[in-house]
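Enquirer: Sequence:
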Amino acid sequence: MGVKTKKTTAPSGLFMLYVGRGKGKTTAAMGLAMRAAGMGLNVYIIQFIKGEWPSGERNFIEAFNSVRKHYNGKQKLGRLEIIAIGKGFVKILGDKKPIAVHKAAARQALMFGRRAMLSGRYNVVILDEAISAVETKLIKASDLLRLVRAKPPTVHLVMTGHEALKSLVAKADLVSDVKMVKHPYYKGIIAQRGIDY
Numbered sequence: 001m002g003v004k005t006k007k008t009t010a011p012s013g014l015f016m017l018y019v020g021r022g023k024g025k026t027t028a029a030m031g032l033a034m035r036a037a038g039m040g041l042n043v044y045i046i047q048f049i050k051g052e053w054p055s056g057e058r059n060f061i062e063a064f065n066s067v068r069k070h071y072n073g074k075q076k077l078g079r080l081e082i083i084a085i086g087k088g089f090v091k092i093l094g095d096k097k098p099i100a101v102h103k104a105a106a107r108q109a110l111m112f113g114r115r116a117m118l119s120g121r122y123n124v125v126i127l128d129e130a131i132s133a134v135e136t137k138l139i140k141a142s143d144l145l146r147l148v149r150a151k152p153p154t155v156h157l158v159m160t161g162h163e164a165l166k167s168l169v170a171k172a173d174l175v176s177d178v179k180m181v182k183h184p185y186y187k188g189i190i191a192q193r194g195i196d197y
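Just so it is clear: in the sequence shown, position 97 is 97 by my numbering, and no numbers are missing.
I should point out that these hints are in silico values taken from the structure, not numbers from a laboratory. It is possible that some hints are incorrect.
[To be verified] Each computed BS3-like pair below joins lysine-lysine, with the alpha-carbon atoms no more than 25 Å apart:
no. : residue 1 : residue 2
1   : K137      : K171
2   : K182      : K140
3   : K97       : K7
4   : K151      : K6
5   : K96       : K151
6   : K140      : K97
7   : K140      : K151
8   : K23       : K166
9   : K103      : K137
10  : K7        : K137
11  : K97       : K151
12  : K96       : K76
13  : K103      : K140
14  : K171      : K6
15  : K137      : K151
16  : K6        : K140
17  : K151      : K179
18  : K97       : K187
19  : K179      : K23
20  : K140      : K96
21  : K69       : K23
22  : K103      : K151
23  : K96       : K171
24  : K103      : K182
25  : K166      : K140
26  : K137      : K179
27  : K23       : K187
28  : K23       : K140
29  : K179      : K166
[Unchecked claim] Pairwise CB distance ranges, derived in the manner of DEER restraints:
no. : residue 1 : residue 2 : range
30  : Q75       : T154      : 18 to 24 Å
31  : K6        : A104      : 41 to 47 Å
32  : G188      : V67       : 35 to 41 Å
33  : V101      : V175      : 30 to 36 Å
34  : M39       : V175      : 44 to 50 Å
35  : K69       : K179      : 38 to 44 Å
36  : G51       : K76       : 32 to 38 Å
Quick caveat, the model's predicted, so the values are computed rather than measured. Even glycine gets a Cβ: it sits at the ideal position worked out from N, Cα and C.
Input sequences plus hints: build the corresponding full structure.
Expert: Below is the structure:
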């Protein structure tokens, strides 16, 4: 408060983090994606951990893209694209895949993220659970920092995960910390279709 800043309306690509132990980081990133596409921005989402099992966000994006072709409203809609490269949760919930399989998927997700960010085709690139890939030692924080440094000035880059890694926080324009106050999992309630996936 009381700090004067120079305001600008010029487009500037932001680097944003949604982190914390609470539920809602991916949800916030997907909300941002929906808003961006609704205003004509093209969005590319890469899921670092989630596998190919059914998900509400992928179902929605598929439906959005088929409707988008026939939409003739005042505001041109942007493209929404999503790819789940992850092989599932690492060493929990019955995961028996070799760590090398998870690491290879995370490296591929990094490559896809870099390509999308530098392609000139996307205004927003979301790396869902990229920070979680660092936490589970699939990639290094330095891998994500290299992506941040390579970010074109007009591209918005979003990353999600649990830990607020200091090196990423230092570079970020926005950091939202999603705190867990209560979670149904601790009452024995498993993930709910349409709410958690």
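Enquirer: Hint by hint, say whether it matches the structure.
Expert: Hint check results:
At roughly 21 Å between alpha-carbon atoms, K137 and K171 fall within 25 Å of each other, so this suggested pair holds. Restraint check for K182 and K140: not satisfied, since their Cα atoms lie roughly 30 Å apart, outside the 25 Å limit. Annotation: proposed proximity of K97 to K7 is violated, straight-line Cα distance about 50 Å (limit 25 Å). For the suggested pair K151 and K6, the alpha carbons sit about 23 Å apart, so the restraint of at most 25 Å is met.
Restraint check for K96 and K151: not satisfied, since their Cα atoms lie roughly 35 Å apart, outside the 25 Å limit. Using a Cα cut-off of 25 Å, the hinted pair K140 and K97 holds, with the two alpha carbons roughly 20 Å apart. For the given pair, K140 sits about 18 Å from K151 by alpha-carbon distance, which is consistent with the 25 Å threshold. The suggested pairing of K23 with K166 holds, with an alpha-carbon distance near 21 Å, which does not exceed 25 Å.
The straight-line distance between the Cα atoms of K103 and K137 is roughly 8 Å, inside the 25 Å bound, and the hint therefore holds. This hinted pair does not check out: K7 and K137 have alpha carbons roughly 39 Å apart, beyond 25 Å. Using a Cα cut-off of 25 Å, the hinted pair K97 and K151 is violated, with the two alpha carbons roughly 32 Å apart. Taking the CA atoms of K96 and K76, the gap is near 45 Å; set against the 25 Å cutoff, the hint is violated.
Among the hinted pairs, K103 with K140 is consistent with the structure: their alpha-carbon atoms are about 11 Å apart, no more than 25 Å. Of the supplied pair hints, the one linking K171 and K6 holds, its CA atoms being roughly 19 Å apart against a limit of 25 Å. About 23 Å separates the Cα atoms of K137 and K151, which keeps this hinted pair within 25 Å; it holds. A C-alpha spacing of about 35 Å is found between K6 and K140, which places the hinted pair above 25 Å, so the restraint is violated.
About 28 Å separates the Cα atoms of K151 and K179, which puts this hinted pair outside 25 Å; it is violated. Proposed proximity of K97 and K187 is contradicted: the alpha carbons are some 28 Å apart, above 25 Å. Pair hint K179 plus K23 holds up; C-alpha atoms about 8 Å apart against a cutoff of 25 Å. Of the supplied pair hints, the one linking K140 and K96 holds, its CA atoms being roughly 22 Å apart against a limit of 25 Å.
As the CA atoms of K69 and K23 are separated by approximately 33 Å, the hinted pair breaks the 25 Å bound. Taking the CA atoms of K103 and K151, the gap is near 23 Å; set against the 25 Å cutoff, the hint holds. Taking the CA atoms of K96 and K171, the gap is about 35 Å. The hint is violated against a cut of 25 Å. Simply put, K103 and K182 have alpha-carbon atoms about 32 Å apart, too far for the 25 Å limit, and the pair is violated.
For the suggested pair K166 and K140, the alpha carbons sit about 13 Å apart, so the restraint of at most 25 Å is met. As the CA atoms of K137 and K179 are separated by approximately 23 Å, the hinted pair is consistent with the 25 Å bound. Under the criterion of a C-alpha separation no larger than 25 Å, the hint pairing K23 with K187 is consistent with the structure, at around 15 Å. Restraint check for K23 and K140: the C-alpha separation of about 24 Å stays at or below 25 Å, so the hint holds.
With a C-alpha separation of about 17 Å, the suggested pair K179 and K166 falls inside the 25 Å cut-off, and the hint holds. The hinted window of 18 to 24 Å between Q75 and T154 holds, with their beta carbons roughly 19 Å apart. The hint said 41 to 47 Å for the Cβ distance between K6 and A104, and at roughly 45 Å that hint holds. Look at G188 against V67: about 38 Å separates their beta carbons, and that is inside 35 to 41 Å.
Checking the proposed 30 to 36 Å range against V101 and V175 shows it holds: the Cβ atoms sit about 31 Å from each other. Taken as a hint, the range 44 to 50 Å is violated for the pair M39 and V175, whose Cβ atoms sit roughly 23 Å apart. Separation of K69 from K179 is about 40 Å and conforms to the stated range, judged on CB atoms against 38 to 44 Å. Checked against the given bound of 32 to 38 Å, the beta carbons of G51 and K76, roughly 33 Å apart, stay inside it.
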